[in-house]
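Number of protein chains: 4
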Amino acid sequence: MKYSIILGNLGNTCDRFLSSGYKDQPSKETMIQQASEIQGVTGVELVGTWDITPQNADEIGALLQKYGLVTASVLPDHFSQKRWGRGAFTSLDPAIRAQALEETIIAAELARKLGCGLVNLWPGQDGYDYPLQADFVQARTWIVDAIRTAAKAFPDIKFTLEYKPKEPRTHSYMARAADTLLLAQEVGLPNVGVTIDTGHSLVAGENMAEAAALLTKSGNKLFHMHFNDNYRFWDDDMIVGSVHFVEFVELLYWLKKLNYSGWYSMDQYPYREDAQGALRGSVEFLQGIDAMLTPKGMEEIRGVIAEGDAVKSAAWIRSKMFPLR
Amino acid sequence: MKYSIILGNLGNTCDRFLSSGYKDQPSKETMIQQASEIQGVTGVELVGTWDITPQNADEIGALLQKYGLVTASVLPDHFSQKRWGRGAFTSLDPAIRAQALEETIIAAELARKLGCGLVNLWPGQDGYDYPLQADFVQARTWIVDAIRTAAKAFPDIKFTLEYKPKEPRTHSYMARAADTLLLAQEVGLPNVGVTIDTGHSLVAGENMAEAAALLTKSGNKLFHMHFNDNYRFWDDDMIVGSVHFVEFVELLYWLKKLNYSGWYSMDQYPYREDAQGALRGSVEFLQGIDAMLTPKGMEEIRGVIAEGDAVKSAAWIRSKMFPLR
Amino acid sequence: MKYSIILGNLGNTCDRFLSSGYKDQPSKETMIQQASEIQGVTGVELVGTWDITPQNADEIGALLQKYGLVTASVLPDHFSQKRWGRGAFTSLDPAIRAQALEETIIAAELARKLGCGLVNLWPGQDGYDYPLQADFVQARTWIVDAIRTAAKAFPDIKFTLEYKPKEPRTHSYMARAADTLLLAQEVGLPNVGVTIDTGHSLVAGENMAEAAALLTKSGNKLFHMHFNDNYRFWDDDMIVGSVHFVEFVELLYWLKKLNYSGWYSMDQYPYREDAQGALRGSVEFLQGIDAMLTPKGMEEIRGVIAEGDAVKSAAWIRSKMFPLR
Amino acid sequence: MKYSIILGNLGNTCDRFLSSGYKDQPSKETMIQQASEIQGVTGVELVGTWDITPQNADEIGALLQKYGLVTASVLPDHFSQKRWGRGAFTSLDPAIRAQALEETIIAAELARKLGCGLVNLWPGQDGYDYPLQADFVQARTWIVDAIRTAAKAFPDIKFTLEYKPKEPRTHSYMARAADTLLLAQEVGLPNVGVTIDTGHSLVAGENMAEAAALLTKSGNKLFHMHFNDNYRFWDDDMIVGSVHFVEFVELLYWLKKLNYSGWYSMDQYPYREDAQGALRGSVEFLQGIDAMLTPKGMEEIRGVIAEGDAVKSAAWIRSKMFPLR
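Chains as they are written, first to last, in our numbering: chain A, 28 to 352; chain B, 28 to 352; chain C, 28 to 352; chain D, 28 to 352.
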């Protein structure tokens with residue numbers, strides 16, 4: 028299992044009530060160093076304009092090398108600038124739509140330059156807020172067309188679409204695993220797939236493991252994984268395992284069984300917490316589950332699933348929760 | 028707009044605490060007569076074993092004719108018998124799976140006999156309840172195979188898959204519009220599509236109109252509509268319009284714009300209410316919206332959607348809520 | 028910790044789609060014997076009319092004695108009979124309201140007879156379904172008056188009010204911990220308190236431990252605990268610990284710290300599962316947590332709570348999840 | 028009905044992804060003028076430090092007078108400064124707790140100075156995020172003590188507690204109507220009550236009208252109303268009536284019936300919308316309902332509620348939705 032983190036998770040984080048953020052912003056080098064200090068982490072994800080630009084790419088690349096990290100993905104910024112406020116790929120303004128594509132292409136070029144094969148697209152502003160406000164058909168067409176253009180131009184780069192049911196819009200166009208898979212299929216290129224963010228999947232009401240199975244079995248379209256935890260109602264971006272346990276065991280079992288070979292990447296918002304500690308905690312949690320998934324552990328889980336008997340499933344997980352009794 | 032109702036909605040309805048049901052069960056003829064008395068209703072949906080069997084098909088057909096109704100669909104009973112308790116199409120027992128297919132074929136034969144072109148599949152027991160209990164990949168394969176077998180055998184009948192995120196299982200395999208569309212696509216036959224039940228869609232966190240647009244634009248796969256209302260958290264099966272208004276206006280606008288030509292069918296559980304009154308209320312609500320969707324009304328809505336301006340969208344709907352001010 | 032179960036959990040369970048229930052109904056003696064076989068269980072809760080009536084009270088009492096069990100509580104049946112369909116304590120029909128009180132008094136007499144000091148009231152039909160349907164003020168008054176009458180008549184019996192936000196009504200009058208506490212306070216008698224059902228609390232969006240703290244600190248009003256698990260959206264009545272873990276640790280820590288001395292009672296609906304196994308699993312889960320709550324464990328938790336540092340809280344729970352690493 | 032708005036709603040609004048905000052910030056005078064231009068609005072609510080400080084109080088007072096507005100309430104800022112990041116009244120740091128009280132007292136002094144009798148407390152940072160992180164008992168004690176101190180010092184000012192189940196913390200201490208009422212009761216002073224924010228109430232799973240009835244009947248503790256709309260899952264702060272209609276009719280009926288005499292104040296976050304238009308829309312929606320609540324309208328609603336028959340309730344609301352049919 029390859030672990031990575033989104034670099035900005037180590038920085039300052041704000042919300043709509045405290046726009047200054049709850050902390051101070053460390054330097055890029057400090058964040059990169061902190062990432063490298065988390066045992067098991069070998070990659071970072073970089074957000075365009077926040078972390079990486081054509082101007083600073085060499086410098087960031089050198090810093091990553093210095094600290095022994097690789098770039099896991101580049102995420103074009105389609106969400107944190109005023110120009111995207113009413114949509115990026117789906118803005119009613121064709122100039123904005125062109126800029127959204129351009130930002131994607133810049134991200135792909137940066138990825139190539141950094142020796143990274145993955146561009147993660149989360150166009151958070153592409154959605155709508157109110158009833159009677161959206162032309163769903165037109166919006167989908169615009170998204171598909173833009174992604175196809177970018178993915179055709181960079182056949183060596185994988186473009187992975189990260190869905191989320193809501194926030195910052197009350198409704199996102201790429202909302203759930205299956206509708207985003209349909210969109211990827213409509214693009215019709217082998218280098219376009221889907222990212223599961225565990226928190227987004229929980230908010231979508233999905234079973235995370237089932238989403239992973241669906242994406243994998245439909246043409247091997249699970250390209251990337253983001254990890255965090257929440258209370259199922261909102262994308263709280265918490266430490267993994269701080270709320271849920273059993274379902275992460277199920278997810279990691281299925282990822283292994285499905286031969287998922289991508290990154291296990293942390294994507295959190297430790298608003299008030301020590302960021303490095305919060306990210307380290309998540310990695311340790313996943314490592315803890317991974318240690319259960321020995322050949323024997325995998326076989327045990329395969330066995331309880333094959334029986335489909337909830338009493339036995341619950342007994343198995345209890346034997347892991349309370350091993351010493 | 029063609030209105031129909033699920034015949035059983037006029038009967039007794041129970042829940043897990045009051046298994047006798049809240050009312051008394053009327054005769055089949057009484058229910059059929061009551062259906063015919065609701066102005067606008069021209070069709071009924073019949074549930075296998077509850078309403079219609081090979082044994083009583085002629086009798087029911089005659090009653091429908093007597094009261095001037097047609098059969099809108101036949102729904103095989105894959106949910107209300109003990110044998111389906113751990114799944115119908117996805118039971119671990121191959122004998123049960125075979126029976127689930129057989130029940131589907133009987134429904135198709137009944138539909139044919141009644142001059143009805145639609146079989147609505149809601150395999151409510153096909154899902155799972157607990158983590159570490161389900162083999163998602165195997166289950167999907169079984170569902171696809173069974174539906175393909177039935178649909179191939181009855182190319183003159185449309186098979187429409189009704190999704191629902193949960194209940195009676197905590198997770199259904201056919202859970203949301205997009206994953207059910209993927210399943211229909213995997214079957215690969217033109218006579219397999221998807222039913223939107225408005226309550227199921229609300230519980231799934233979908234925007235109902237967006238689901239309709241997605242299904243229609245992906246190969247014209249919106250085959251059928253079930254109507255009811257709820258509080259978004261559970262399939263309360265209430266009178267349409269008793270809780271929500273604006274989103275039903277949006278849905279009916281899109282159905283008209285997308286040239287949906289199927290039934291507008293009521294699917295409710297009026298546990299404690301006068302059933303005929305509850306169904307009539309739903310039809311009247313939809314008729315009320317339909318009356319807004321004149322060419323002028325359609326053009327107005329098209330206009331506010333094209334602008335994407337929530338202030339104007341809300342103003343338009345207010346002008347309908349308070350027309351006399 | 029004293030463990031009990033609701034006897035009916037060992038019987039047949041149905042839902043609105045499968046009114047016959049998923050299983051067969053065992054005899055009373057079989058259920059009582061099965062309860063006694065679950066290690067740690069020393070009490071059962073008995074539902075009026077289902078399990079216990081004035082007619083069979085001696086027989087049931089003898090059976091309990093034979094199997095070494097005591098009666099943990101009696102629950103009057105205010106939910107499973109047609110007459111309660113539109114409310115028990117809050118029916119618009121004064122005759123029904125009188126019967127609801129009478130049923131409560133019979134339960135208190137049965138409790139006394141069985142040497143049990145607790146009557147658990149869950150008036151599930153007391154609520155409403157639709158907007159513009161309920162007179163909230165009148166309903167609360169009726170509930171308070173009836174409970175006061177019963178509690179005055181039986182000062183030796185504790186009456187504990189079990190809240191639940193919804194089901195079978197879309198809205199219950201006793202919906203959440205705090206509004207039910209207010210109702211108990213309005214009654215104004217020391218023998219009226221509140222039951223937390225963990226699943227109801229999760230559906231209410233509460234933190235279960237916080238609800239326990241609130242009820243205890245407001246006049247020691249936490250009288251009883253029902254345990255089960257769910258996915259937070261609906262009262263799925265699953266095996267405890269099958270979905271959640273951390274929050275049950277927090278709850279049991281607080282119950283111990285707050286000196287809760289009542290029953291830890293299982294209240295589940297193992298629709299499709301071996302009931303005895305499902306209940307045994309829940310008890311074993313709670314026993315597993317209890318074993319963590321040694322003086323050392325209590326002190327550790329007290330310490331992480333005192334710091335209020337989520338990184339440390341999550342690290343502590345990880346040390347329990349993965350003790351061998 | 029007296030209408031007001033929170034002044035800052037007319038300004039720039041940001042979220043965690045777009046910290047610069049979606050718009051530009053207008054001047055104070057522009058916002059005050061815009062407020063005065065919304066027909067029916069006669070008051071504004073002012074947030075401490077954002078809108079009003081001891082330094083600018085005279086200037087703001089003069090501007091309000093110039094535009095014919097009064098101060099509806101002052102809201103101390105307990106949420107948008109780094110120092111409150113881990114709690115204001117419930118910070119583990121006693122110096123911060125003292126500052127939270129001080130901020131409350133400043134707000135009360137400003138209110139007095141502006142001739143306004145209401146201080147609205149929304150201590151958004153007072154809550155917790157993770158399991159095993161909070162001492163619920165201690166936190167409640169601190170809140171009660173601080174509010175008692177402030178309310179005792181300003182007996183001429185009403186202090187109204189605004190609850191919200193979550194955000195910015197995953198759990199707020201003042202979460203729902205009933206628990207906040209309990210807190211107000213614990214303070215034990217007549218000038219401490221509760222604010223219902225309609226969006227917070229919807230997210231809490233409450234029926235807004237029932238919450239209003241509960242607060243009023245328990246000692247006339249409904250002091251203030253904030254209006255906005257959402258999809259029930261999150262505090263989307265949308266235009267009132269853009270999603271829901273029926274439940275706002277029920278709420279306004281009950282407010283009138285309960286003789287609520289406070290403000291009807293708009294509290295929205297029109298991130299991407301023309302703010303004045305969004306606020307005007309909300310006021311117009313409430314005015315539209317108010318126009319229904321003639322003596323005849325009130326009597327009709329009283330009648331359908333008295334019958335408790337959902338078919339009739341739904342028919343009545345349909346007669347308002349579609350008056351011309």
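Hint data in this document are derived by calculation from the structure and do not stem from the laboratory.
For clarity, every value in this text was computed on a predicted model and none was experimentally measured.
There could be a bad hint or two in this list.
Some chain C residues near chain B, calculated using beta-carbon distances under 7 Å [said to hold, decoys possible]: (1) L45; (2) R259; (3) D263.
Ideal Cβ positions, reconstructed from N, Cα and C, are used throughout, including at glycine.
> When the hints from earlier in the document are held up against this structure, which numbers fail?
Replying inline: Hint 2 contradicted; others consistent.
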